Amino acid sequence: MSKTFIDLVQDQFTYGGVKYASTNAGKEATDELVEDFGWNWLIGTQGKYVKRYRNQTLEKDLLKIGCYQFINWLKRGYHLSYMGVAEMMCTTVTTKSEFFPKFVAKLRTPKPLQFLPSREYILQDIYKRLLDLRVNVSEEHFLEICALCSELWVLDGWDKQEEHKTDTWVKGASTTDGKKV
Numbered sequence: 000m001s002k003t004f005i006d007l008v009q010d011q012f013t014y015g016g017v018k019y020a021s022t023n024a025g026k027e028a029t030d031e032l033v034e035d036f037g038w039n040w041l042i043g044t045q046g047k048y049v050k051r052y053r054n055q056t057l058e059k060d061l062l063k064i065g066c067y068q069f070i071n072w073l074k075r076g077y078h079l080s081y082m083g084v085a086e087m088m089c090t091t092v093t094t095k096s097e098f099f100p101k102f103v104a105k106l107r108t109p110k111p112l113q114f115l116p117s118r119e120y121i122l123q124d125i126y127k128r129l130l131d132l133r134v135n136v137s138e139e140h141f142l143e144i145c146a147l148c149s150e151l152w153v154l155d156g157w158d159k160q161e162e163h164k165t166d167t168w169v170k171g172a173s174t175t176d177g178k179k180v
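If you're matching positions, the sequence shown starts at 0 in numbering that gives the first Met the number 0 and goes up one per residue.
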C-alpha cells in the first residue's frame, strides 16, 4: 500500500471538511445527502468516479473512490465494531481524523492474482464490488476497494508524479478555522 496514496486520501477527507461543511456541527454534506437520498446515492457517486476514471484517467477520481471507502467504513460503524452497526454513523472531519489510522492499519495489498491485472480488469473489479455493496455490505468490501484503487494508482504511474492532481487544497483558500492555505 502506497504511503503517498494514503496521505492523498487523507488530504481528500480533510479538505472535504472545508468543501462540504454543513451548518450542522455534527454532520457534513455527505451525511445529509445519505439521509436525504439513501445509501445507494453514496455508492452511485463512487460508481460515477470509476466511469470517469475509465474515460479521463484523472488521478483525483481514484483518490476520491479510496476516500469514500473510508467514509463508507465509518458510516457503517466498523470503527466501533468488527460487525459494523445497523444505524448509519455521521462522519465529521474530527471523526475521520480520529479513526483514519485504524482504517489504514486494516488495509493490505489484495491477494496476488495469477496474472498481471490490466487497468480495465481492476476498474471492472472495483465497479462490481460497488454494485455488490448495494445488497452485501461488508468491511472487507471497503478495504478491498480502497486497496484496488491504490494498486491501480501505482499501475497507472501516479506514484511517480512529483505533483498530484487532487482537487483539494488551493493556495489562498481558507480552512474551516479561517486560516489561509
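Treat the hints as calculated values from the structure; they're not laboratory data. Just so you know, not all the hints are guaranteed correct.
[Said to hold, decoys possible] What follows is a set of in silico ranges between Cβ atoms, one per label pair, in the way DEER data are often shown:
no., residue 1, residue 2, range
1, S117, T165, 36 to 44 Å
2, R53, L32, 20 to 28 Å
3, K164, Y19, 32 to 40 Å
4, E161, A85, 41 to 49 Å
5, L154, A24, 13 to 21 Å
6, N39, L79, 28 to 36 Å
7, S80, L154, 30 to 38 Å
8, E162, K47, 18 to 26 Å
9, K47, R118, 15 to 23 Å
Computed from a predicted model, the values in this text were never measured in an experiment. Glycine is no exception: its CB is placed at the ideal position from the N, C-alpha and C atoms.
Hints, verified against the model:
At roughly 25 Å, the beta carbons of S117 and T165 sit outside the given window of 36 to 44 Å. The hinted range of 20 to 28 Å is satisfied by R53 and L32, whose Cβ atoms lie roughly 24 Å apart. Taken as a hint, the range 32 to 40 Å is violated for the pair K164 and Y19, whose Cβ atoms sit roughly 19 Å apart. Between E161 and A85 the CB atoms are about 45 Å apart, so this pair conforms to the stated range of 41 to 49 Å.
Taking the beta carbon of each, L154 and A24 are about 40 Å apart, not inside 13 to 21 Å as hinted. Between N39 and L79 the Cβ separation comes to about 23 Å, which falls outside the hinted range of 28 to 36 Å. The hinted window of 30 to 38 Å between S80 and L154 holds, with their beta carbons roughly 34 Å apart. Checking the proposed 18 to 26 Å range against E162 and K47 shows it holds: the Cβ atoms sit about 25 Å from each other.
For the hinted restraint 15 to 23 Å between K47 and R118, the CB-CB distance of approximately 18 Å keeps it satisfied.
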